[in-house]
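Sequences listed follow chains A and B, in order. For the first sequence, the residue numbers in my numbering are 146 to 493. For the second sequence, the residue numbers in my numbering are 146 to 493.
Treat the hints as calculated values from the structure; they're not laboratory data. Here the structure is a predicted model, which means the values were calculated and not measured. Hints are not guaranteed to be accurate.
[What the hints assert, rightly or not] Cβ pair distances, simulated, as ranges:
id, chain 1, residue 1, chain 2, residue 2, range
1, A, A173, B, M320, 22 to 32 Å
2, B, E216, A, A173, 28 to 38 Å
3, A, M146, B, L253, 37 to 47 Å
4, B, T482, A, K236, 53 to 63 Å
5, B, V452, A, T492, 52 to 62 Å
6, A, S388, B, E487, 51 to 61 Å
7, A, N364, B, K233, 43 to 53 Å
[Claimed, not checked] Mimicking EDC-like on lysine to aspartate or glutamate, the simulated pairs with C-alpha atoms at most 20 Å apart in a straight line are:
id, chain 1, residue 1, chain 2, residue 2
8, A, K284, B, E346
9, A, K348, B, D319
10, B, K236, B, E225
11, B, K448, A, E225
12, A, K448, B, D186
13, A, K470, B, E206
14, A, K448, B, E225
15, B, K470, A, E206
16, B, K257, A, E245
17, A, K257, B, E262
18, B, K470, A, D207
Every residue, glycine too, gets a C-beta built ideally from N, C-alpha and C.
There are 2 protein chains.
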Amino acid sequence: MNIHAKRIKDLQYLLKQRKLDAMVITRALDTGFFTGYHMDDYLLLVSRDGAWAVAPQMFVEDLKVRAPFVEPVVPAGGFEATVQELCKKHKLRKTAFDPEYETYTRGLIWRKYGFTEQGGLTGSLRAIKEGEEAADLRKSCRIAARAFGLIKPRIKTGRTELSVYRELEDIMQDMGAKGPSFNLIVGFGPDSALPHHITSERKLKDNEAVLLDYGCVYNHYCSDITRTYFHGKPTEEFKKVYSIVARSQKAGLAAVRGGVSAMSVDKACRDVISDAGYGQYFIHGTGHGVGLEIHEFPRLNTKFEAVLRPGMAVTVEPGIYLHGKFGVRIEDSVLVTKTGCEILTKTA
Amino acid sequence: MNIHAKRIKDLQYLLKQRKLDAMVITRALDTGFFTGYHMDDYLLLVSRDGAWAVAPQMFVEDLKVRAPFVEPVVPAGGFEATVQELCKKHKLRKTAFDPEYETYTRGLIWRKYGFTEQGGLTGSLRAIKEGEEAADLRKSCRIAARAFGLIKPRIKTGRTELSVYRELEDIMQDMGAKGPSFNLIVGFGPDSALPHHITSERKLKDNEAVLLDYGCVYNHYCSDITRTYFHGKPTEEFKKVYSIVARSQKAGLAAVRGGVSAMSVDKACRDVISDAGYGQYFIHGTGHGVGLEIHEFPRLNTKFEAVLRPGMAVTVEPGIYLHGKFGVRIEDSVLVTKTGCEILTKTA
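Just chain A, same shape as in the assembly (with noise of 0.2 Å):
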């Protein structure tokens, strides 16, 4: 069965269990999942044994290519009227919507169909990954490791953060990757510090620090790496602060297994730092989950509460950050196994 179709059987799976008759799915990363057919601007009901495209007519022939296991239905009047009329033609008495990803705007018509709120469906299908869509991400995980042998070496004094951000772009294309995966951050000297850099047209110094946090999309799927190193001779308090990420990273790796919770992860990576004396300059939390979308369900700090299932595709991303000096953060994507991970992104 194509993957989209059995998606859709999940789903429908799931309407059963929890005593749902239909689901009205509106985000564009939502459809695409469901379908393959990754466009704005459509809108997906699935029943316990029926799914509809409610589309604009210029959808339709591409649609009935792209996905044939649903049916295409052209709006006469909105789209929302015209999800209605499916639910009374088809007798869905209860039909749900997912009130974490509805406007307020739709999110009032619907209530006013008589929706229910029902959350996370979308979400916990799309957290594991399996078959085409675990190989997806592991080919534009393995893009954006090898493409961190190939841009180092390139990275020499007085080259901007910028360029580096393009000839990285372009070596992940290079190697089939559509596109990158977020606004990617090259970070040298002070830059590095700030775990949210927006690149810039900085030029690197000798004997500064270089991180590189990026990935690539290939075939919808994200992923997500970071390295840091020192451009020239590492100063001790860098190579202080770089051993103490890197073993908080491997704490960190060596907690995910199935079964434990998302922050017992973030307490793993967060210990070794707190121990150091390093605990107040980690300032984020330790992973997210990783997929059609760079941030995606569940996240490991120290407040979700999520349990890591087999399939689950998650970051690992400890980091120490010392304002005006430099910030070390290693970062790998990996897949979630019943007693452990498989690291995605390992680099040489």
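We have chain A already, so just place chain B on it with the hints.
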């Protein structure tokens, strides 16, 4: 004054006009528009005489440098609760949120706090391009327009759509673009007849239509252009359809000026195509606003009510699609002026 500081002033003026005390802004595109700090996961609260960025600790240093005209506030509890506290502290009794861009879940929280719904404020500010942003948009469009002259001679029999896609991206990046402004469409032969074709591994044959719908992002501003031509000796049918679309697009461009309705531009394009007997093959609207987003306010179609104002940037892009054969679309991005428009994507 910094353009972002000015935009906040403009919003504060609108708040007074609408008798609002404050507005909470949550969409990344909008927070970036008002601060110049383009990043997910932080909120803005703008009152008539203040502006706060409710942001995680790791954004604070960067925000101070990039947006000194907003006061960073690190949330102790949740983001939403912190906004509510700020409202209480500063006696902001009537605070608005945009229901079109807020999630249903968060909209319910704002309503619980007593906030009111107010759509369109940021959209109306974003629609008018001025100063640096008009310059960035012009540059973005110029890069896209120049790319056509460079790519066209390289599109030869046997090349795949995706290889042209990638080269187009490279050409635009070499001219300073950050990346493509959307999933560029390269359609050969019958693929050109799908207005939202997904670029594929299809190889160009002799005597086929070539449609390129593409654009780039330059300093956050999106360009959008479509060119169609025949690779080889054009058929009589292609020549006929092309000349109708060209006349239609010319009529649309001639109809654009400050003060006219968006619908009247659509009508100008549509009448030419309908009069020529191809009305049923023009299966989409005539255009859309373009700026920080590739599709933004206003829309130019048969239903959307809006008046074009000098400074708005819109596309004019009629098309005729003969399924299984070929499609022709001609699109330019233009800046509305008092007396007409400035074509931003002029090609030789």
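We went through each hint and held it up to the structure:
For A173/A paired with M320/B, a C-beta distance near 29 Å keeps the hint of 22 to 32 Å intact. Checked against the hint of 28 to 38 Å, the C-beta distance between E216/B and A173/A comes to roughly 34 Å, which is consistent with it. Between M146/A and L253/B the C-beta distance comes to about 38 Å, which sits within the given range of 37 to 47 Å. Separated by about 55 Å at the C-beta atoms, T482/B and K236/A satisfy the suggested range of 53 to 63 Å.
The given range of 52 to 62 Å is respected by V452/B and T492/A, whose C-beta atoms sit roughly 56 Å from each other. For S388/A and E487/B, the Cβ-Cβ distance of about 58 Å falls inside the hinted range of 51 to 61 Å, so the restraint holds. For N364/A and K233/B, the Cβ-Cβ distance of about 49 Å falls inside the hinted range of 43 to 53 Å, so the restraint holds. With a C-alpha separation of about 19 Å, the suggested pair K284/A and E346/B falls inside the 20 Å cut-off, and the hint holds.
For the suggested pair K348/A and D319/B, the alpha carbons sit about 19 Å apart, so the restraint of at most 20 Å is met. Proximity of K236/B to E225/B is assessed by CA-CA distance (about 16 Å); at most 20 Å being required, the pair is judged to hold. Using a Cα cut-off of 20 Å, the hinted pair K448/B and E225/A holds, with the two alpha carbons roughly 16 Å apart. A distance of roughly 16 Å separates the Cα atoms of K448/A and D186/B; the hinted pair therefore holds under the 20 Å criterion.
A C-alpha spacing of about 13 Å is found between K470/A and E206/B, which places the hinted pair at or below 20 Å, so the restraint holds. Taken as a hint, the K448/A and E225/B pair is honoured in the structure, with Cα atoms around 16 Å apart against an allowance of 20 Å. Taking the CA atoms of K470/B and E206/A, the gap is near 13 Å; set against the 20 Å cutoff, the hint holds. Restraint check for K257/B and E245/A: satisfied, since their Cα atoms lie roughly 16 Å apart, inside the 20 Å limit.
This hinted pair checks out: K257/A and E262/B have alpha carbons roughly 17 Å apart, not beyond 20 Å. Annotation: proposed proximity of K470/B to D207/A holds, straight-line Cα distance about 14 Å (limit 20 Å).
Violated hints for the displayed structure: none, as all numbered hints are satisfied.
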